[in-house]
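Student: Just so you know, the protein sequences line up as chains P and W, in that order.
Note that numbering that gives the first Met the number 0 has the first sequence beginning at 0, numbered continuously upward.
Note that numbering that gives the first Met the number 0 has the second sequence beginning at 0, numbered continuously upward.
Hints listed in this document are in silico derivations from the structure and should not be mistaken for laboratory results.
Predicted model only: the values in this text are computed from it and were never measured.
Built from N, CA and C at the ideal position, the CB exists for glycine as well.
It is possible that part of the hints are untrue.
In the DSSO-like style, the derived pairs of lysine-lysine whose C-alpha atoms are separated by at most 30 Å in a straight line are [claimed, not checked]: (1) W:Lys94 with P:Lys16; (2) W:Lys39 with P:Lys10; (3) P:Lys54 with P:Lys10; (4) W:Lys94 with W:Lys56.
Residues from chain P that face chain W, not an exhaustive set, calculated with beta carbons under 8 Å [claimed, not checked]: (5) Ala3; (6) Met7; (7) Val25; (8) Trp50; (9) Met53; (10) Lys54; (11) Ala55.
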Amino acid sequence: MEQAIVDMLAKRAGLDKALAEFPEDVAAAAEQASRSIGRMKAPSDPRAEPWPPMKAGTGL
Amino acid sequence: MSDLHWLTATEAARAIAAKTLSPVELMSALLDRIARLDPKLNVFIRLDGDAAMAAAKAAETEIAVGRPRGRFHGVPVGIKDIIDVAGLPTTCHSKILVDNVATADAVCVTRLRTEGAIVLGKLSTHEFAIGGPSHDLPWPPARNPWNADHHPGGSSSGSGSGVAAGLFPMALGSDTGGSVRNPASACGIVGLKPTYGLVSRRGVFPLSFTLDHVGPLTRTVSDNALMLDTIAGHDPLDPGSAAAPAGHYASGLERGVRGLRIGFVRHFHETDVPADPEVTSALENVAHTLQSRGADIRDIRLPTLEEFGAVNRVILQSEAWAIHAPWLRERPGDYGQLARRRLLAGAFMSAGDYVQAARRRLEMIALVEEALREVDVLLCASAMDPPSRIDDPVETERTYPRQARTPFNVTGHPALAMMAGLSSGGLPLSVQFVGRNFAEASLFQVAREWERAAGTDERHPAI
Chain P
0 MEQAIVDMLA KRAGLDKALA EFPEDVAAAA EQASRSIGRM KAPSDPRAEP
50 WPPMKAGTGL
Chain W
0 MSDLHWLTAT EAARAIAAKT LSPVELMSAL LDRIARLDPK LNVFIRLDGD
50 AAMAAAKAAE TEIAVGRPRG RFHGVPVGIK DIIDVAGLPT TCHSKILVDN
100 VATADAVCVT RLRTEGAIVL GKLSTHEFAI GGPSHDLPWP PARNPWNADH
150 HPGGSSSGSG SGVAAGLFPM ALGSDTGGSV RNPASACGIV GLKPTYGLVS
200 RRGVFPLSFT LDHVGPLTRT VSDNALMLDT IAGHDPLDPG SAAAPAGHYA
250 SGLERGVRGL RIGFVRHFHE TDVPADPEVT SALENVAHTL QSRGADIRDI
300 RLPTLEEFGA VNRVILQSEA WAIHAPWLRE RPGDYGQLAR RRLLAGAFMS
350 AGDYVQAARR RLEMIALVEE ALREVDVLLC ASAMDPPSRI DDPVETERTY
400 PRQARTPFNV TGHPALAMMA GLSSGGLPLS VQFVGRNFAE ASLFQVAREW
450 ERAAGTDERH PAI
């Protein structure tokens, strides 16, 4: 992930302090996230539901 | 009675009930051993020795007057320090929560106390059950009793190390990406991640709501089943709690494996993440042994470990970010570096990424369900390597993700890890058994047969 994008996303997430004090950790976290997202396959069915499902009336 | 520290929970409970063992005598022996070994192993964040001894004296009196309180009356238990024990801090091994005193017991702790178990104290963990082993936290990381230069696995590191070292016969841990089964694997004991929702998470600091499980760590399969009998059950105040019947997990322990269909997921350790040759050989030995005792061993294919791992991380880090964002914004320097890096990752995942992971997750659940219609139990690797040296962060970072535990946090199926043998360097090797939802009894049945065949319950570190 490009540094400018990392900085922009970090600031949007309110991580100015982390960005100033631990820039290497922020960059490593962004890289980690990007790697995991890249390794995920899209669901095979466009209608696929997420888990856990919404179930009305079964909450607290 | 000699070697009190190697008594199993079941043996100790029976001896205490029969009045051939005093709970005070047992507690004294364990506290002496803790005083001798804990400075080397760093199992405890907080030892509650005086309260534990007072509880042991009370148990002795109750038993003497014929008022037994339950199946673990007088038996000590250690609690991972993300699980609440009333009156003690739940620090999550972090500076962030150093003064966070719990006002009530977690449900799993209440259930153990109701059966008479005695809480010995709070145990080391990876910071917030995600960052470790770390050397930049208020407390040092736990070490492996088989060789204290090596890590004991995590994140329930104190739970695994303490049980294996004979500091207590049973402990509670939590498992979001393998954190009960990793220390069980690294320390050569038995660790169970129950079916999602079988054990209440109420009073346990969350890492990832839809992946978190509470589970038992013990030295024997039968102790593990008995602990699960105690802590399992519906909790209407835990939104993830299952309304499934619980109990009698030890009922089939001695049935053997004749006729059971066991699916061997070889591609996990052969091609997905090629294992250390000693691990491969140990897994083949487990499969061969179970086959020689009548099990029908078949090959089974599941999605790859890489994909399971990616889905696990996207869900885990997104949910963890939701919990930690305020502290990461205001107090990033109060986290250790490993936890900070791992928790910050969630800030770089979108809502769409999270939903995609949750959708793919449902498909993965269906694929594992399909496999478990063909067979009764799955057999696969847990760790792909023996535990690395704790002072070698590069090797630890390389080997920690080389595992096959996260798939079953993603799918919620019950999974048990235990010793498969010892490496040439004298460190534990491991195997994992996976079952149908709420069929923990079948897992225990297979695990017990392997335990009986290999004598894993008789192997202790020479510490």
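Student: Hey, does the alanine 55 of chain P contact hint survive, CB to chain W under 8 Å?
Tutor: 14 Å, violated
Student: Take the shortest C-beta to C-beta distance between methionine 7 of chain P and chain W; is it under 8 Å?
Tutor: 11 Å, violated
Student: Let me know if the C-beta of valine 25 of chain P comes in closer than 8 Å to any C-beta of chain W, holds or violated.
Tutor: OK, holds: valine 25 of chain P within 8 Å of chain W, min 6 Å.
Student: Measure nothing beyond the straight line between the CA atoms of lysine 94 of chain W and lysine 56 of chain W; if it is 30 Å or shorter, mark the hint as holding.
Tutor: 34 Å, violated
Student: Just to be careful, I want the Cα atoms of lysine 54 of chain P and lysine 10 of chain P compared with a cutoff of 30 Å; is the pair within it?
Tutor: Judged against 30 Å, a Cα distance of about 36 Å means the pair is violated.
Student: Are the Cα atoms of lysine 39 of chain W and lysine 10 of chain P separated by 30 Å or less?
Tutor: 43 Å, violated
Student: Holds or violated: lysine 94 of chain W and lysine 16 of chain P, Cα atoms, limit 30 Å.
Tutor: 18 Å, holds
Student: Checking hints one by one. Is tryptophan 50 of chain P an interface residue toward chain W, by the C-beta closer than 8 Å rule?
Tutor: 4 Å, holds
Student: Can the hint on lysine 54 of chain P be confirmed by a CB-to-CB distance to chain W that is less than 8 Å?
Tutor: 11 Å, violated
Student: Per the CB criterion, is alanine 3 of chain P less than 8 Å away from chain W?
Tutor: Interface hint status for alanine 3 of chain P: violated (14 Å vs cutoff 8 Å).
Student: Is the hint on methionine 53 of chain P kept, meaning its closest Cβ partner in chain W is under 8 Å away?
Tutor: Violated - the Cβ of methionine 53 of chain P stays beyond 8 Å from chain W, reaching only about 11 Å at its closest.
Hints 2, 3, 4, 5, 6, 9, 10 and 11, counting from the list given before, are not met by this structure.
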